[in-house]
Each structure stands twice: as C-alpha cells, then as structure tokens.
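**Student:** These are the residues of each chain, in order.
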Amino acid sequence: MNQMPTPPDRRELRARYPHIFDRPASARLAMPVVLLLALGIFVFGLVDLDFSPTRLLAGLNQLGWITMMMVPPDPGSSLPIYLKALGETLSIALLGTTLAAVLALPVSLLAARNVVPSAILRFPVRRVFDSIRGVDTLIWALVWINVVGLGPFAGVLAIAVSDFGAFGKLFSEAIEGADRRQVEGIRASGGNALHEIRFGLMPQVLPVIAGQVLYFIESNTRSATIIGIVGAGGIGLQLAEQIRVLEWQKVSFLILMILVAVTAIDWISVKLRFAIIGQRAVA
Amino acid sequence: MPVAVSVLPHQQLAALNAAYREAIARKRLRLTLGAAVFCAALMVAGVGAEVNFQTFFTFFGNFISYFDRILTLDTGARVWTDFGEWFWGFRKWLRFLGETILISYVGTLIGFVLAFAANFFAAENISPAPWLRFVVRRLLEFARTVPGIVFALIFVMAFGLGPMAGVLAIAIHSTGALGKQFSEIVENADMKPVEGVRSTGAGWLSCMRFAVLPQVIAGYASYALLRFEINVREASVMGFVGAGGIGQELVVAIRKFYYSDVSAILVMIVVTVFCIDIGTGWVRGRLFGKEART
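Here the protein sequences line up with chains S and R, keeping their order. Going by our numbering, the letters in the first sequence line up with residues 1 to 283, in that order. Going by our numbering, the letters in the second sequence line up with residues 284 to 577, in that order.
Hints are computed from structural coordinates only; laboratory data are not their basis. Where hints are given, some of them may not hold.
Claimed, not checked - Calculated pairs, DSS-like style, for lysine-lysine (alpha carbon to alpha carbon, straight line, at most 30 Å): (1) R:K463 to S:K271; (2) S:K169 to S:K271; (3) R:K463 to R:K475; (4) R:K375 to R:K539; (5) S:K271 to R:K310; (6) S:K169 to R:K475; (7) S:K271 to S:K84.
Model, not experiment: these values are computed from the prediction.
Put together the whole structure using the sequences plus the hints.
**Tutor:** What follows is the structure in structure tokens.
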C-alpha cells in the first residue's frame, strides 16, 4: 500500500484528452479577445466622456467637502414642509400604481395568449406595452407637466402611464401561466367567455397580481421620490431645490428621510405580501 | 346518461351549509375590510397628491392633442410624410444616443468591478469577517436605495456638468444593485469545492479564485448584462439634471415645445432600448443557454 501513484505521463494524457490540450485557437482566443474588446470600449468611453485624472481628483475633493458639509443632517425650520412632501410622494406612489393596475388589468387580457388566441390582435397590444415601458417615468412626468401643469397630479399620471406598460406585460404573463383546467370547467358547465374570465381565471390570477402591485407600490416609492426633480411634486422637488442652493445639511436630511420611508414601505409591503400570497411567492 | 346525485339528509346538509356560509361570510368580511382600508388610503392619498378630476378632465384633451402635436411638423404635415424634416437632427441625436450608451456601459463596468470586489465580503458563506460583512452590506444598501439621479444631481455639483457625473452616478447605483445580486449568487454556490481547495492548504484568495469563481461567473455576467439594459434607460434621463446623454436634448425639446423633435427623440430612444434589450438577450442566450435567461 505504500506505493505512490506514478505521475501521469504528459504525452499519454495529451493523447487521451485531446479536447482539453488541443483546443482550437478560436476557442482559446475567444475569452481574451472579448475581454480586450470590453476594455477597449471602456477606455474609449473614458476618453470620449471627458474623464481626466485631474477632474476626477478635483471632483473627489469637492465631494469630500460636500460630505463634510452634510453632517449633521439638519432640516432647519422646514421639517413640516418636508413631511408634507414625503406624504405627497407616498400618495403619488399609491395612487399612480393603483390607477395603473386598474387600467392595465382589462387591457392585459387582450395580450394573453389563452384569452385572445389571435396573434394579430395580441401583437399590437404587446408592442404598445413595450413602447410605453421603453420611455422612462421621468419623461412621462415631463409630458404630463405639459398637460396638467406642475404639481403632484402630473406625477400620479406619469407613474400610472409608465406602470401601465409594466403591469400589462406582467399581468398578461400571469394570466398565461394560469391553469386552463379551471377555465375549461367553467366552459363545460355552460359559462360564457366573461364567466370563464371571472370565475376561471381571476381567482387564480388575482393573488399573483396583488403581489405584483404591492411590489410596484414599493418600487414606485423610489420613482416618486425622484419625479419631483422635473417638477412633478413630492420630496424630489425639495431635494433638487436644496441641492441647487447648496443647503447640504438639508439635503442629507432629505436623503435620510427617503431612506427611512423606502425601508418602511419595503417592510410593510413584504408583510402584506406574506399575508396575501404566502411566503413561497415573495421571493 | 342519467347520473344520480346523492342528496344528503336535510339536517346534515343544513349544518354543512351553515358552516360553508359562515366561512364565506368571514372571508367576505375580511375582503371588505381590506378594501375599505385600501379605499380610505386612496382617499387620503388623493387629497395628498392634489388630485383634481376637474383639471384632469379639462386637460385630458390636451394629453391626446399633445400626441397629435408632437406628431405634426412645423409645416402642419404629419411627421411620417417627411422623414428628412422629422429627423433633421439625426446625426446630432445619434451622437447623444451613443454618449448615452457609452455612459451606461462605462458606468455598468465600473459598477461591475466594484460590486465584484464587494460581494465576496458581503456574502454570508465566504465573508472573511462578520464586521466587514456588516459594513459592506450597509454600504451596498445605501448605494442601492438612493436613486441614481439623486447621486447625479450631487455629482453634477461636485464634478461639474457633463457625462462624468452621469457615469459615476450609474456606477454607484449599479454597485449597490449588482453587489446584492452577486452576493446572493455566491450564497447559493456549492461549498464543497471550497472545502476541496482549502484541504490542499490554499488561502482565502485561492479558494475564491478556484472554487467559487468558476461557479458564479456566468450568473454575474448575466446580471451585469441585465443591469446594462436597465442603465441605458436610466442614462437616457441623466441629461435632465445635466449629467450628459440624450436627456439634455429631450428636456430642451419638451420645455421649449419643439413638438416634432420630442417625438423624433422619443422614437430614437425607444428603438435604441429595444435594440439593446434584444441584443443583450441574444448575448445572454449565446453565453449561457436558455436557462440563464431569467
């Protein structure tokens, strides 16, 4: 038993595993080439976007200075205004998401394969959803400001429109994932198409949708905080203003408020989702 | 074919019926209460957000006509009748779009590198020290929760106007988001290879390189590509606060009511986002097979 295993002969190994030792040049070169290409674009980007060490250092210096100015966070005398703005932000998120969900539910039926079998009908609806999603919430906010004027209402409508696109896609996917047997059961007992949707699809789909809506309320709290930067109400308006007038203590206080609010909403939404759909689907 | 439905004796049926009704009633009560609370919250929110249906209905026509106007050229003709006139600034906008993509590319790559460095300290199973894990996790959380455009606003103040601020803002936000996703991948990694490498006497660094990295690198690349896709959208609005990219042109066009320009730029953004979506989807499919497309 004290015999050492003989060291394998290189040549023999080479002969036995040709696919490891003699990989074609294309396979061996692929990785370095891709990495080099990525690095090349990166360097080109740095040059094209005016990165220079001096600018970076000066900026970092400035940034350090700003950070120093930020402590301690202090709202000054504007705390009531900020609290009101925060309430506005939460309202925008809640209303916008609800509005989007209510509008998207019927339309998403049109984009679901098991409700509308015709691809010709489904295709344009899907493309509309896609196009709406391709445009950022902030852009929609700018558009709505042109329509209903500055203020939180524009924010509500902006979030409603941009979420309409996202919900349409998610809902139609949820509907397509539903079990067909229940729908067939309704049809077998003599129900018409509306009955099928109401009693066959909806009971399966609604919990999933409720979970998604809650998740979006949560993520829209984040969107609603920034929507004010373009003038559509909420805490972002205050934040952008205070940054422009260099009131760094107020800025850091506002950022802290946003962090606390987002964390709180996260927590509530996770609890609610637990309650609605159980732990399994939260992940 | 006649089917005999067995009918239970009356008493038994009544008891079952009562139990059923009670259960349904309880469920309905809960639903009604939930709906009432939700409606109340909506009402409060409606007041808070200054919802005004009168404005809405008065101006809803504006929304429709806005789209009518952005699809009309200055000459009064529809935009698609004269592409040359509609996309008069095509070259300029294309350059800005290129800048937007470059911003998100450079930002994503910097974020990737930082998140890569951070995630080995943030993951529960491989972090060298608990306090380090705690600190890194809080930092990542902070970077993730503060919206990218807020960073951009602050960076514009520090680094001056221009794409640099946008890149750094996107880099920081990506670091936060990717760091979390990466450390989750690492936490799901198989620890047996790590034990194998360690048993040969390797240090922590070698364990990471030869046992963990081969398992996780594909997942990392997949998430990074997804993040790049998200960042292109994000970078398209960075210009709103002066942080470079196509957003600058768009905000000027919207604010100054250059209607046909708005639609032209929007079309270009949407098409670009489509192409990037399809492109990254294709790359992910090529790199990792179908199952990695989450």
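**Student:** Each of the hints needs a verdict: does it hold here or not?
**Tutor:** The hints, checked one at a time:
Annotation: proposed proximity of R:K463 to S:K271 holds, straight-line Cα distance about 21 Å (limit 30 Å). With a C-alpha separation of about 25 Å, the suggested pairing of S:K169 with S:K271 holds against the 30 Å cut-off. Proposed proximity of R:K463 and R:K475 is supported: the alpha carbons are some 23 Å apart, at most 30 Å. At roughly 18 Å between alpha-carbon atoms, R:K375 and R:K539 fall within 30 Å of each other, so this suggested pair holds.
Proximity of S:K271 to R:K310 is assessed by CA-CA distance (about 19 Å); at most 30 Å being required, the pair is judged to hold. Of the supplied pair hints, the one linking S:K169 and R:K475 is violated, its CA atoms being roughly 40 Å apart against a limit of 30 Å. Pair hint S:K271 plus S:K84 holds up; C-alpha atoms about 25 Å apart against a cutoff of 30 Å.
The structure does not agree with numbered hint 6 stated previously, though it agrees with all others.
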